[in-house]
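Novice: Counting from 1 along the sequence shown, just add 1088 to a position and that's the residue number in this note's numbering.
Bear in mind the hints are in silico, worked out from the structure with no lab data behind them.
One thing to keep in mind: the hints can contain errors.
To be verified - Label pairs and their calculated CB-CB ranges:
1) 1124 / 1193: 20 to 28 Å
2) 1182 / 1141: 29 to 37 Å
3) 1164 / 1192: 33 to 41 Å
4) 1257 / 1135: 47 to 55 Å
5) 1251 / 1175: 17 to 25 Å
6) 1259 / 1223: 36 to 44 Å
Given the structure is predicted, the values throughout are model-derived calculations rather than measurements.
We put the beta carbon where it would ideally sit given N, CA and C, even for glycine.
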Amino acid sequence: MAARDPEATKARIFEAAVGEFARHGVAGARIDRIAAEAKANKQLIYAYYGNKGELFASVLERKMLDLAISVPVDPDDIEGWIDRLLDYHAAHPELLRLLFWEGMEYGAGELPDEDERQAHYARKVAAVRDGQERGVITDAIPAADLLFLLVAMANWASVMPQMKRILVGGDDTDAVRLRASIKQAARRIVSG
């Protein structure tokens, strides 16, 4: 009989939860489907991660941390940062889906682990503010607002692919053109 590997089981549960929440959101996700996909029993999911809401918060927290580590804000190279952000979301579309579901489910209400999320974004805003203080980014727009606008521009095509296809087109040439347009818009916004 093979020995149990709790870390491998936790990893399978986590990956199954990512897929389930990305497809169905918090309300539509089912612990039964996560357990079946992970080849684990429901009791282990509750033991390792708590209830469904806590599991969703854990999934989103880890995915956000991965993004923060993989694509830190670079006020000295906004266009490069936009490129890296676009590439990251193309490779990891589940993160934006998770954030979209979170927004639909929680609205403007307080989020689980909101303090940690605010700290996460405060570091990004501080990087933008640093660029403003050094004069590499305009200070005409408050740092938090500027970051929000840049992230929105970079993420919207991935969040709303149907609008991208209808408005911009759906082939590779259209995608290249849109990326160049997003970078040009970012350059203009940060230069004032």
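Novice: Take the hints in turn and mark each one as holding or not.
Specialist: Right, here's what the structure says about each hint:
Between residue 1124 and residue 1193 the Cβ separation comes to about 23 Å, which falls inside the hinted range of 20 to 28 Å. Distance hint for residue 1182 and residue 1141: a CB-CB separation of about 18 Å, inconsistent with the stated range 29 to 37 Å. Take residue 1164 and residue 1192: their Cβ atoms lie about 35 Å apart, and the range 33 to 41 Å holds. Against the hinted window of 47 to 55 Å, the Cβ-Cβ separation of residue 1257 and residue 1135 comes to about 49 Å, which satisfies the hint.
Hint check: residue 1251 to residue 1175, Cβ distance near 20 Å, so the stated range 17 to 25 Å holds. The supplied range of 36 to 44 Å is met by residue 1259 and residue 1223, whose beta-carbon atoms lie about 40 Å from each other.
Comparing the model with each earlier hint shows a violation of hint 2 alone; every other hint is respected.
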